[in-house]
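Okay, here's what each chain looks like letter by letter:
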Amino acid sequence: SQQGEEDPQALSIQEGENATMNCSYKTSINNLQWYRQNSGRGLVHLILIRSNEREKHSGRLRVTLDTSKKSSSLLITASRAADTASYFCATAYSGAGSYQLTFGKGTKLSVIP
Amino acid sequence: GAGVSQTPSNKVTEKGKYVELRCDPISGHTALYWYRQSLGQGPEFLIYFQGTGAADDSGLPNDRFFAVRPEGSVSTLKIQRTERGDSAVYLCASSLGGVQETQYFGPGTRLLVL
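These protein sequences, in sequence, are chains A and B.
Anchor point for the first sequence: position 26 equals 26 in this note's numbering, and the numbering is continuous, going up by one each time.
Anchor point for the second sequence: position 84 equals 1084 in this note's numbering, and the numbering is continuous, going up by one each time.
Source of the hints: derived by calculation from the structure; they are not laboratory data.
Keep in mind that a hint or two might mislead.
Claimed, not checked - Okay, derived cross-link-like pairs now, DSSO-like style, lysine-lysine, Cα gap no bigger than 30 angstroms in a straight line:
| hint | chain 1 | residue 1 | chain 2 | residue 2 |
| --- | --- | --- | --- | --- |
| 1 | A | K108 | A | K70 |
| 2 | A | K105 | B | K1011 |
| 3 | B | K1015 | B | K1078 |
| 4 | A | K108 | B | K1017 |
| 5 | A | K69 | A | K108 |
| 6 | A | K26 | A | K108 |
| 7 | A | K26 | A | K70 |
| 8 | A | K56 | A | K108 |
| 9 | B | K1078 | A | K105 |
| 10 | A | K70 | A | K105 |
| 11 | A | K56 | A | K105 |
| 12 | A | K105 | B | K1015 |
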C-alpha cells in the first residue's frame, strides 16, 4: 500500500523557475528519500534525509523534513528542461521488520524550455 | 562501476504462462529488493533479501509469485500462471544493507500479459 501522497500530482513550470514538491506520510520513519523517474523506468536516487535531520542540500536540490507534521518538501532551483520527470518520495522504517521503501504516487514535473 | 541490471527489458507473455525475471545487483550489495510498479502509481514492495534468505516476503501478492537468490547475488523473480493483472514494471534494487543505506534501482522489466 502507498505510504502517503505527493502534492501536486502534476506541475508545469518554465525553465529557470523553481519547482517545489511536497510529500506527506503516515507512520514513523528512519529516513525519507527522493527519487526521479524518467519514462516510467528505473528510479534515480536524488537525496536521503534522516529522521533527525531537518534540511539537506545537493546541488540544485533542497529537501526539508518535518517529522512532527509527517511531511517533506523537495525544491529544485533554476529548473532545466532535463528536470522533466516524475518525482517520488519514499520512506524507510526499520520497525516494520525490513528496510523496504514505501513510495507515494509521485509528482509529474514538466519544465517548458 | 556497474549498476543494477535487469533482464529482459521487456517481456510479453500469454495468460497462464510462467515467467522468470532476473536481477543482477551491484557487486558487494548484500540487500536486494523487488518492487512492482503499475501505471501511474509508485513502486510497491514485493520481497527483500538479506544475503541468500528472504528476510521479508510480505509484499508478494499471492503464492503464484516466488523469488530466489541462491548464492546471495543474482536474484530471479518467478511468476506462475500469469494473469493480465500481473502486467507492470518489475523493479529490482540493491543496497549495502541497513535501513539508512540508499537503494539503487535497476531499469526494470516491463511485463505485459496478454
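Status of the hints after comparison with the structure:
Annotation: proposed proximity of K108/A to K70/A holds, straight-line Cα distance about 21 angstroms (limit 30 angstroms). Restraint check: the Cα-Cα separation between K105/A and K1011/B comes to about 24 angstroms, which is no more than 30 angstroms; the hinted pair holds. A threshold of 30 angstroms between alpha carbons decides the hint, and for K1015/B with K1078/B the separation of about 14 angstroms falls inside it, so the pair holds. Our distance criterion of 30 angstroms between C-alpha atoms is broken by K108/A and K1017/B, whose separation comes to about 34 angstroms.
Among the hinted pairs, K69/A with K108/A is consistent with the structure: their alpha-carbon atoms are about 23 angstroms apart, no more than 30 angstroms. For the hint pairing K26/A with K108/A, the CA-to-CA distance comes to about 22 angstroms; that is within 30 angstroms, so the pair holds. A threshold of 30 angstroms between alpha carbons decides the hint, and for K26/A with K70/A the separation of about 7 angstroms falls inside it, so the pair holds. Between K56/A and K108/A the alpha-carbon distance is near 22 angstroms, which keeps this suggested pair within the 30 angstroms criterion.
A threshold of 30 angstroms between alpha carbons decides the hint, and for K1078/B with K105/A the separation of about 26 angstroms falls inside it, so the pair holds. For the hint linking K70/A to K105/A, the alpha-carbon distance of about 16 angstroms falls within 30 angstroms, and the restraint holds. This hinted pair checks out: K56/A and K105/A have alpha carbons roughly 22 angstroms apart, not beyond 30 angstroms. A C-alpha spacing of about 28 angstroms is found between K105/A and K1015/B, which places the hinted pair at or below 30 angstroms, so the restraint holds.
The earlier numbered hint that this structure contradicts is number 4, and it is the only one.
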